[in-house]
Amino acid sequence: MMPWRMGEGDPQRDAEGRLRNLLAIEGLREGEILEILDSAESFLGIGERTVKKIPILRGRTLVNLFYENSTRTRSTFELAAKRLSADVLNIAVASSSASKGESLLDTVDNLLAMQVDGFILRHPEAGAAHLLARHLGERAWVVNAGDGQHAHPTQALLDVFTIRHLLGPISERVVVILGDILHSRVARALIHALSILGCPQIRVVGPRTLVPPELQGLGVHVFHELEPALTGANVVYALRMQRERMDSQRLPSLEEYHRRFGLTAARLRLAEDNAVVLHPGPMNRGVELSAEVADGPQAIILEQVTHGLALRMAVLARLAGGNP
Amino acid sequence: MMPWRMGEGDPQRDAEGRLRNLLAIEGLREGEILEILDSAESFLGIGERTVKKIPILRGRTLVNLFYENSTRTRSTFELAAKRLSADVLNIAVASSSASKGESLLDTVDNLLAMQVDGFILRHPEAGAAHLLARHLGERAWVVNAGDGQHAHPTQALLDVFTIRHLLGPISERVVVILGDILHSRVARALIHALSILGCPQIRVVGPRTLVPPELQGLGVHVFHELEPALTGANVVYALRMQRERMDSQRLPSLEEYHRRFGLTAARLRLAEDNAVVLHPGPMNRGVELSAEVADGPQAIILEQVTHGLALRMAVLARLAGGNP
Amino acid sequence: MMPWRMGEGDPQRDAEGRLRNLLAIEGLREGEILEILDSAESFLGIGERTVKKIPILRGRTLVNLFYENSTRTRSTFELAAKRLSADVLNIAVASSSASKGESLLDTVDNLLAMQVDGFILRHPEAGAAHLLARHLGERAWVVNAGDGQHAHPTQALLDVFTIRHLLGPISERVVVILGDILHSRVARALIHALSILGCPQIRVVGPRTLVPPELQGLGVHVFHELEPALTGANVVYALRMQRERMDSQRLPSLEEYHRRFGLTAARLRLAEDNAVVLHPGPMNRGVELSAEVADGPQAIILEQVTHGLALRMAVLARLAGGNP
Numbered sequence: 001m002m003p004w005r006m007g008e009g010d011p012q013r014d015a016e017g018r019l020r021n022l023l024a025i026e027g028l029r030e031g032e033i034l035e036i037l038d039s040a041e042s043f044l045g046i047g048e049r050t051v052k053k054i055p056i057l058r059g060r061t062l063v064n065l066f067y068e069n070s071t072r073t074r075s076t077f078e079l080a081a082k083r084l085s086a087d088v089l090n091i092a093v094a095s096s097s098a099s100k101g102e103s104l105l106d107t108v109d110n111l112l113a114m115q116v117d118g119f120i121l122r123h124p125e126a127g128a129a130h131l132l133a134r135h136l137g138e139r140a141w142v143v144n145a146g147d148g149q150h151a152h153p154t155q156a157l158l159d160v161f162t163i164r165h166l167l168g169p170i171s172e173r174v175v176v177i178l179g180d181i182l183h184s185r186v187a188r189a190l191i192h193a194l195s196i197l198g199c200p201q202i203r204v205v206g207p208r209t210l211v212p213p214e215l216q217g218l219g220v221h222v223f224h225e226l227e228p229a230l231t232g233a234n235v236v237y238a239l240r241m242q243r244e245r246m247d248s249q250r251l252p253s254l255e256e257y258h259r260r261f262g263l264t265a266a267r268l269r270l271a272e273d274n275a276v277v278l279h280p281g282p283m284n285r286g287v288e289l290s291a292e293v294a295d296g297p298q299a300i301i302l303e304q305v306t307h308g309l310a311l312r313m314a315v316l317a318r319l320a321g322g323n324p
Numbered sequence: 001m002m003p004w005r006m007g008e009g010d011p012q013r014d015a016e017g018r019l020r021n022l023l024a025i026e027g028l029r030e031g032e033i034l035e036i037l038d039s040a041e042s043f044l045g046i047g048e049r050t051v052k053k054i055p056i057l058r059g060r061t062l063v064n065l066f067y068e069n070s071t072r073t074r075s076t077f078e079l080a081a082k083r084l085s086a087d088v089l090n091i092a093v094a095s096s097s098a099s100k101g102e103s104l105l106d107t108v109d110n111l112l113a114m115q116v117d118g119f120i121l122r123h124p125e126a127g128a129a130h131l132l133a134r135h136l137g138e139r140a141w142v143v144n145a146g147d148g149q150h151a152h153p154t155q156a157l158l159d160v161f162t163i164r165h166l167l168g169p170i171s172e173r174v175v176v177i178l179g180d181i182l183h184s185r186v187a188r189a190l191i192h193a194l195s196i197l198g199c200p201q202i203r204v205v206g207p208r209t210l211v212p213p214e215l216q217g218l219g220v221h222v223f224h225e226l227e228p229a230l231t232g233a234n235v236v237y238a239l240r241m242q243r244e245r246m247d248s249q250r251l252p253s254l255e256e257y258h259r260r261f262g263l264t265a266a267r268l269r270l271a272e273d274n275a276v277v278l279h280p281g282p283m284n285r286g287v288e289l290s291a292e293v294a295d296g297p298q299a300i301i302l303e304q305v306t307h308g309l310a311l312r313m314a315v316l317a318r319l320a321g322g323n324p
Numbered sequence: 001m002m003p004w005r006m007g008e009g010d011p012q013r014d015a016e017g018r019l020r021n022l023l024a025i026e027g028l029r030e031g032e033i034l035e036i037l038d039s040a041e042s043f044l045g046i047g048e049r050t051v052k053k054i055p056i057l058r059g060r061t062l063v064n065l066f067y068e069n070s071t072r073t074r075s076t077f078e079l080a081a082k083r084l085s086a087d088v089l090n091i092a093v094a095s096s097s098a099s100k101g102e103s104l105l106d107t108v109d110n111l112l113a114m115q116v117d118g119f120i121l122r123h124p125e126a127g128a129a130h131l132l133a134r135h136l137g138e139r140a141w142v143v144n145a146g147d148g149q150h151a152h153p154t155q156a157l158l159d160v161f162t163i164r165h166l167l168g169p170i171s172e173r174v175v176v177i178l179g180d181i182l183h184s185r186v187a188r189a190l191i192h193a194l195s196i197l198g199c200p201q202i203r204v205v206g207p208r209t210l211v212p213p214e215l216q217g218l219g220v221h222v223f224h225e226l227e228p229a230l231t232g233a234n235v236v237y238a239l240r241m242q243r244e245r246m247d248s249q250r251l252p253s254l255e256e257y258h259r260r261f262g263l264t265a266a267r268l269r270l271a272e273d274n275a276v277v278l279h280p281g282p283m284n285r286g287v288e289l290s291a292e293v294a295d296g297p298q299a300i301i302l303e304q305v306t307h308g309l310a311l312r313m314a315v316l317a318r319l320a321g322g323n324p
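Protein chains in written order, with full-length UniProt numbering: chain A, 1 to 324; chain B, 1 to 324; chain C, 1 to 324.
Isolated chain A, as found in the complex:
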């Protein structure tokens, strides 16, 4: 449950210190994030054209290596790669058939021998993408598309991209993150990204079992009631409530959670007038937010998906060495 700790050296960077892999938000520099966001802005228009394709990664081979089924994540990366004109090889490995660790690296060694350029890795185990990056060295790059509860950095990048695109600089916005902060890779990465970009106030809110006071140490403001957390907010980021939290007795019931922490239209009026509502999807309507909010004008959840595609194009183009 604890964040995966990197060993010596920085597996995200090459010997010259340049970004080589995208494994986690931790360790990224503000300038690098801004460059990626700027590049994503330039890719955003491509999806609106009739011909949604540019040739910058033509003839490169990218592998979608998925040890977990995630149609949505696989689809965005596949479309991002195809719109950059790369060839995409989809490999779905049933977790049952994969004996961990060795199997991943053996599979990768074979694909490397086929001269592929990079990997988009989804894996149920925390640290799998770091393990792969260390193994690859300079031979190919890897994007972490989710490794257990550890990291999913393109999600946080698309989130800050979306906020900046709609509201302007992060350094002028108050952001509220609502839900199970303790177990969420999305929340952890978002807090890091917001911090790096100079967000002046990051608030986290939820029950004590899921938002322990110790989080204060991360530089965030901890709330255990929703109303004061929302007052003056520009951005409300609702996390998906995992059903298993109920089973583990950290929450009494989904109804009780919604009653105390559900984002309703009435509560949202406590935030600033132009406040936006984000969610990593898929939503539990009636749990972390009401259907009225989910489908209302302040929710920009589908914009996040659109931005996510542009952001992933920017990441793939950067790691694969193409220039937009």
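Some hints here could point you the wrong way.
The list treats identical chains as one, so a pair stands whether inside a single copy or across any two.
Taking lysine to any residue and the SDA-like style, the derived pairs with C-alpha atoms no more than 25 Å apart in a straight line are [said to hold, decoys possible]:
1) K53 / E303
2) K53 / L167
3) K53 / D109
4) K53 / E256
5) K53 / R72
6) K53 / Q216
7) K53 / T107
8) K53 / D10
9) K53 / G321
10) K53 / R318
11) K53 / N90
12) K53 / I33
Hints are computed from structural coordinates only; laboratory data are not their basis.
Start from chain A and add chains B and C according to the hints.
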């Protein structure tokens, strides 16, 4: 079992009345069908070239969204899209993991946010493609690639294309449809398409339990014996006999069905000399037709497949707005 | 278990005697193999370019028709086809859902009607690719990508390619094949390929139950102890030991096998100084070879994978009629 009924408005058309989606044969105009058939004629030659590819949908993104496994249908649509140079995203949703209705539209909303251009939808529930079309509005188009027992309109279009391509205008041909008319989406759509194109005589034939006399109301001639139905026919369309009809006691046995209604070489001689035999595939040799007929010179079942690819290219090109 | 015997005519060739399909090494001429190897040399450099793509099969449609799951083989053929700019249709048929024989040919007839150019077939039954080739005639070509224990000819071609690429002409090399020669399609095909290319000495070594003395008839030297077989060898080819051999009582235990026949660093020193170690993958470290050998400098197992991709490009380009 009854045909799905559309609500108000015509979900196949945009506000200006132009064909926007292909959901069912019902509601298509003769001129529209003829335009699609003419366009398919022009695409037919592409499959015979060495380079089977034209650039008219380059950079468009088409989604093969399949909630039912159908390798054959998926393959033709995928090849049709690729030969038009579109990018294709294959998404197979196991019906077990899909909670109906909401799940489909949520999945689609995410794909729309990825700026895809159109959907090819296969779904086990009647009306799914209409539901999707209403949801999409002007944002993207949809081709119904089979929704339960309701519709599968590209099948009927390729059938009339095949008849016209080989025998000339539909308005001069006598067509016999043989089998389970009552439960067949193929039969219903074909009857509509033939009627729209002015077929002077459509005959349906099979046992009373599967070809009830009330069908007369659709403008077809009902027969319960095969021999008189075949006399003078130019086209014999044999439907696939579903095994489940036996279980439901609508048929005594496959052997008994074949004895009374199986299309044998001897019976086929009752039809016109140049009569052709069609079948939607896959065939039950020895049930709805004998192996001799299935593999004989009058059977044009594989031509249907070839024509189906050209026809689907024509449909995709039209809906995606490309001109051949 | 016995090699599949061809009937009359040569299903690998067209009426003019030109290579039409690649089904097995048996029956290939030395000149043909050398042409394929030379062509593969020219393709080897493409994988090292930034743009790993040449247009020679643009607009052709190739079908990866897999009745057995083999991610590795499917991936190399898919990448080979894509780097030649062909369109690839992946079809995975669960063996459970396929009723043998007829089903394969029916599926193929439908794909042929979609005007595909060629098939890459993987099938659990020996002889399936020959059956398909006879069925296809001049209509399309087929590459056998593994049919039961019968043949997998691109494996043997990549093996001789690798030996020639690294050590020079086969006609000057002593090759040792180690393991279960009796049941191995890899061994049988390699022996044929080496013979055709004039290898002066092919040695096979393993326990009597897996390397019966009758093999002498194939023109190979039979050994039942590893040390004398290795002396003077330039190439050691270790086969994968199948676990099922233990069950069938042909081997006492994997430990016992490794003790007597495992290729260790100490034993490898008996071979020539620059001797190379090949393996068809995936390896059982600690069974047919020690981890030290598997990961040591003489093992060229990943080079085999790289060469396999270039070799498959050469085969596809030749059968599809494109010239490099």
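Checklist entry - Looking back at the hints listed earlier, which ones does the structure fail to meet? => result 2, 4, 6, 8
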